[in-house]
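A.B. asks: So the protein lines, in turn, are chains A and B. Note that the first sequence covers residues 220 to 627 in the numbering used here. Note that the second sequence covers residues 220 to 627 in the numbering used here.
Source of the hints: derived by calculation from the structure; they are not laboratory data. Please note that a few of the clues may not be correct.
What the hints assert, rightly or not - In the EDC-like style, the derived pairs of lysine to aspartate or glutamate whose C-alpha atoms are separated by at most 20 Å in a straight line are: (1) Lys385/B / Glu484/B; (2) Lys348/B / Glu323/B; (3) Lys284/B / Asp555/A; (4) Lys620/B / Asp617/A; (5) Lys348/A / Glu358/A; (6) Lys385/A / Glu463/A; (7) Lys620/A / Asp538/B; (8) Lys284/A / Glu425/A; (9) Lys620/A / Asp617/B; (10) Lys620/B / Asp557/A; (11) Lys284/B / Asp347/B; (12) Lys248/B / Glu429/A; (13) Lys248/A / Asp347/A; (14) Lys284/A / Asp557/B; (15) Lys348/B / Asp309/B; (16) Lys248/B / Asp617/A; (17) Lys284/A / Asp228/B; (18) Lys248/A / Asp617/B; (19) Lys284/B / Asp557/A; (20) Lys385/B / Asp228/B; (21) Lys248/A / Asp538/B.
Remember, predicted model here, so these are calculated numbers, not experimental data.
Protein chains: 2
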Amino acid sequence: MPVNLSAPDPASLLSVPGVELGIAAAGIKTPGRRDLLVMTLAPGSAVVGVFTQNRFCAAPVTLCKDHLQGASIRALVVNTGNANAGTGADGLARARATCAAVAENLNLAPEQVLPFSTGVILEPLPHDKIIVALPAALENLAPANWGAAAEAIMTTDLVPKATTRKLALNGVEFALTGIAKGSGMIHPNMATMLSFVATDAPVSREALQEILRHAVSRSFNCITVDGDTSTNDSCILIATGATEAPVIQDAADSRYASLQSAVTELMIQLAQAIVRDGEGATKFMEVRVEGGQSEAECKQVAYAIARSPLVKTAFFASDPNLGRILAAIGYAGITDLDVGRIRLWLGNVLVAENGGRAPSYREEEGARVMAAPEIAVRVDLARGNTVATVWTCDFSYDYVKINAEYRS
Amino acid sequence: MPVNLSAPDPASLLSVPGVELGIAAAGIKTPGRRDLLVMTLAPGSAVVGVFTQNRFCAAPVTLCKDHLQGASIRALVVNTGNANAGTGADGLARARATCAAVAENLNLAPEQVLPFSTGVILEPLPHDKIIVALPAALENLAPANWGAAAEAIMTTDLVPKATTRKLALNGVEFALTGIAKGSGMIHPNMATMLSFVATDAPVSREALQEILRHAVSRSFNCITVDGDTSTNDSCILIATGATEAPVIQDAADSRYASLQSAVTELMIQLAQAIVRDGEGATKFMEVRVEGGQSEAECKQVAYAIARSPLVKTAFFASDPNLGRILAAIGYAGITDLDVGRIRLWLGNVLVAENGGRAPSYREEEGARVMAAPEIAVRVDLARGNTVATVWTCDFSYDYVKINAEYRS
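This is chain A alone, in the form it adopts within the complex:
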C-alpha cells in the first residue's frame, strides 16, 4: 500500500506548450496494456538528462547519452515491459531500430530521438511490436496526455506519479509538469526509475543541465528503496521555449533561481512519490543528518541508516529499535566519528546522546512516533555545519514477496 500517495487527477496536470504525448498498446509483455509512450517536442527545445551510473547500463541509456551529444532532440519513445538491458550489441541494434522508426514517422533524423525502456532485463526487446504500434501512438498525440503517459510507463508501480505547477517568471506564466515511475535513482529497484519533466520556459541547454544536476542531487539522488542501482535509470528535463520570452542563459538571469527551485521542488515531490510507492512500503521515512563536516558525509550517514535492512525491518514493525540506527551510524565509514557527541531524534523525541540512550527518553514516546505512517529520523553529528536529507521506506514481507515473484 503506497504511503499517503494517491493517483493525480489527470485533469489537474498542466499541458506544456511545445510537448505532445501519445500512448498506444504495443503488447510488449501484456496484450492490450497501454505500454508505449511517444513524446514530441517543438523545434528548438532544450533537452538534458542524467542517467544511471551502473556499468551494465542498458542499450537505450547508451543511445540517449550519444544522441544528447548531437542534434536537437525532437522526440522521446518509452516502452514498459522490457528494459533492453544486459542485451549487448543486439540490444543496441534494436534500440537504434526503434529510434529510426520513430524518426521515419516524424520526418526526423534517428539521432533526434531518445529511447527509454523499463521492465524485465536480459530479454530481447520486441522492437517490432513497438514499431507496429507507433502509428497508433502518434495518432494519439495531444498536449493533455500527461496523466495517461504516467500510467503508460508504470511497471511494479501501484500508483501513477505526476505533478505539475504554474511558474511566474518576471510576470510571464509558464507550466512545469513531470511524470515518474519506479523506485529510485542512486539506489533504485530493478523496476527502474524514469522521469520526464518539461516546461515551456526558454532555457539554454547549459543552464538547463545545471538546473537538472542541482535538482537531481536534492531529489532522485536522495532516495533509496533497497540499495540496488538499476541499469536503466534516466531523468530528462525539457525546456521547449514554446512560450515567448527571453532565453534564460545562466544563473545571472534573475529568473534562474526561481526556475531552479521550482524544478527541484517538483522533482522532490516525484522522488518522494517513488519512495511512498516503494515495493512493499508501509512507512515513509525522512532521514536528516546535520552537523557534518561535508554534505557528502551527512549523506553517507543518512544512507547507512536508510539502507540498513535491520533499521528498515524495525520501522516496518513500528519498533523504536534505536540501537540499530546507532549501529548504522557507527558503520557508515566516518573513521574519526566521536560517537559520544552524536544526538539522535525520532520525530521530536531525543532518544540518544552521550553514546547511549538519553536519560529523558521514554520508550512509549518512541513507540508513538514509530506508529505513524511517516517518521522523521534526525541525527546531529556535532562536527560541522552541513546537512543532508534522504527519504526511504520500510522493509516488509511484501518487499520479499514482490521481488521473489516478479519476473516476465
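Using the hints, position chain B against chain A.
C.D. replies: Structure of chain B alone, referenced to chain A:
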C-alpha cells in the same frame, strides 16, 4: 531452517589443554537460560583478537582492546541476552565491574579478563546478575565443556556452532577447537558475531596475531547476511602452549604454515556455519569473483552481489534472475569495468557473456542450479589474475519476520 547445518556432537569436540569452560544461568534476559560462559586459560597463554570496525563499538569491545594491550589474559567472560552497546560511560563501568568480579574470584588482575556481551543493545547490562552467577560458572569449569559453551553464547542462532580438529606439527599432536555464534563479521546481523578458537600449541603473540589476521580475512570477513555491521563482533584466538613444544615465533618456523591453514580452515567452517544459520536462510550461496586486478576489487564485486536484496530475494524464489546479478556487478563501483568481457556462471552453467545472455544458455539449466539448497555463483571479470570468495544466504519472508519481531 539452517542450510545443511546440524548441531555438532559435543563429545566430538576436542578439549584443549590449558582451557577450561564453565557455564551458568544468570537470567540476564530469560530466567533459567544458561547464558553465562567463563573460560579460563593457563598461565602464559597467548591471546589475540580482532574486533568490529563499528564506531559505535560496545563497552566490552573497548575493554577487550584495552586489556589486550597489557597483562597476560587468563580469563574470558561472555554473556548473552544483552550486548552492553550504546550504553556510554555507564556501560563501560558495568563491563569493568564484571571483569573485576571475575578477577577477584580467580585471584587475577581485572586487566587479565576479557569481557564479551551479545544480545539487545541500548539496554543497561544487568552485571549484578552476572556477578551473582559467577561462582556457579566457575564451579562448572571443565576442559570438555566446548559444546555447552557453544550453546551458552547463542542469541537468534538456531544451531550451536562448534568445530574441532587434531593438528600434527612436526610430529607433536595438538588440539584446535572453536565455537562461534551470530551472523557475520564485516556484515553481521545485530545478533553479533562472536568466535573463540583455541589451541594448545605454543605460539608467540605476534605470530598468533598474524595468523588470526590471515584467517579472518579469508573466513569471517568473507560472509554477509544483511550488510549490517554489529557493534560487538569479536574473534579471539588463543594458544595456551600447555602442550610441551618449542614456541612458534614467526612464519620462518616450518610449523607456522600448517597451523595457519588449520586455523583458516576451521574459521571458514565456523563462518560458513553462521551463514547457513543466517536469519531466515533457506539457501547457501558461494560467490566467487575471479579475473580481477586486485583481491579488493574481486571482493567488492562479490559483496555487491551477495548484499543485493534483489539478488537475495531471487535466490529465495529459486529464480535464475541473471539480470539482477549483472546489475549488481555493474554498480559495484569499478568505474572502468568493461562489461562486454565479463562472464557469469550459475553452478557450471555459463549464463552471460559479451554483455548479455550467453547464446548457449537455457533457462531450465539455470532453474536446475537455483533449485538446490547450495548455489555457486562465479564471475570472471577478465581484467587480472586475482580471486575472492564470499558466502551469503538468501533473503526470505522469515528474515523480515525475525527482524520485525526480535527485541528485548
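A.B. asks: Verify the proposed pairing of Lys620/B with Asp617/A, using a straight-line Cα cut of 20 Å.
C.D. replies: holds (11 Å)
A.B. asks: Would you mind confirming whether the straight-line C-alpha gap from Lys284/B to Asp555/A stays at or under 20 Å?
C.D. replies: holds (17 Å)
A.B. asks: So if I understand the rule, the pair passes when the alpha-carbon distance is 20 Å or less; does Lys284/B with Asp347/B pass?
C.D. replies: violated (23 Å)
A.B. asks: Holds or violated: Lys284/A and Asp557/B, Cα atoms, limit 20 Å.
C.D. replies: holds (17 Å)
A.B. asks: CA of Lys284/A to CA of Glu425/A, is that 20 Å or under?
C.D. replies: Roughly 15 Å between the alpha carbons, so the hint for Lys284/A and Glu425/A holds.
A.B. asks: Does the structure keep Lys385/B and Asp228/B at a Cα separation of 20 Å or less?
C.D. replies: holds (16 Å)
A.B. asks: What's the verdict on Lys620/A and Asp617/B, does the C-alpha distance respect the 20 Å limit or exceed it?
C.D. replies: holds (11 Å)
A.B. asks: Is the hinted pair Lys348/A and Glu358/A satisfied, with a Cα-Cα distance of at most 20 Å?
C.D. replies: Distance of about 16 Å is within 20 Å: holds.
A.B. asks: Under the criterion that the straight-line Cα-Cα distance not exceed 20 Å, is the pair Lys385/A, Glu463/A satisfied?
C.D. replies: holds (16 Å)
A.B. asks: Take the C-alpha atoms of Lys248/A and Asp617/B, compute the straight-line distance between them, and say whether it is at most 20 Å.
C.D. replies: violated (31 Å)
A.B. asks: Given the hinted pair Lys248/B and Asp617/A, is their Cα-Cα distance within 20 Å?
C.D. replies: violated (31 Å)
A.B. asks: Compare the distance between the alpha carbons of Lys284/A and Asp228/B with 20 Å, and conclude whether the hinted pair is satisfied.
C.D. replies: violated (61 Å)
Of the hints listed earlier, those the structure fails to meet are numbers 10, 11, 12, 16, 17 and 18, in rising order.
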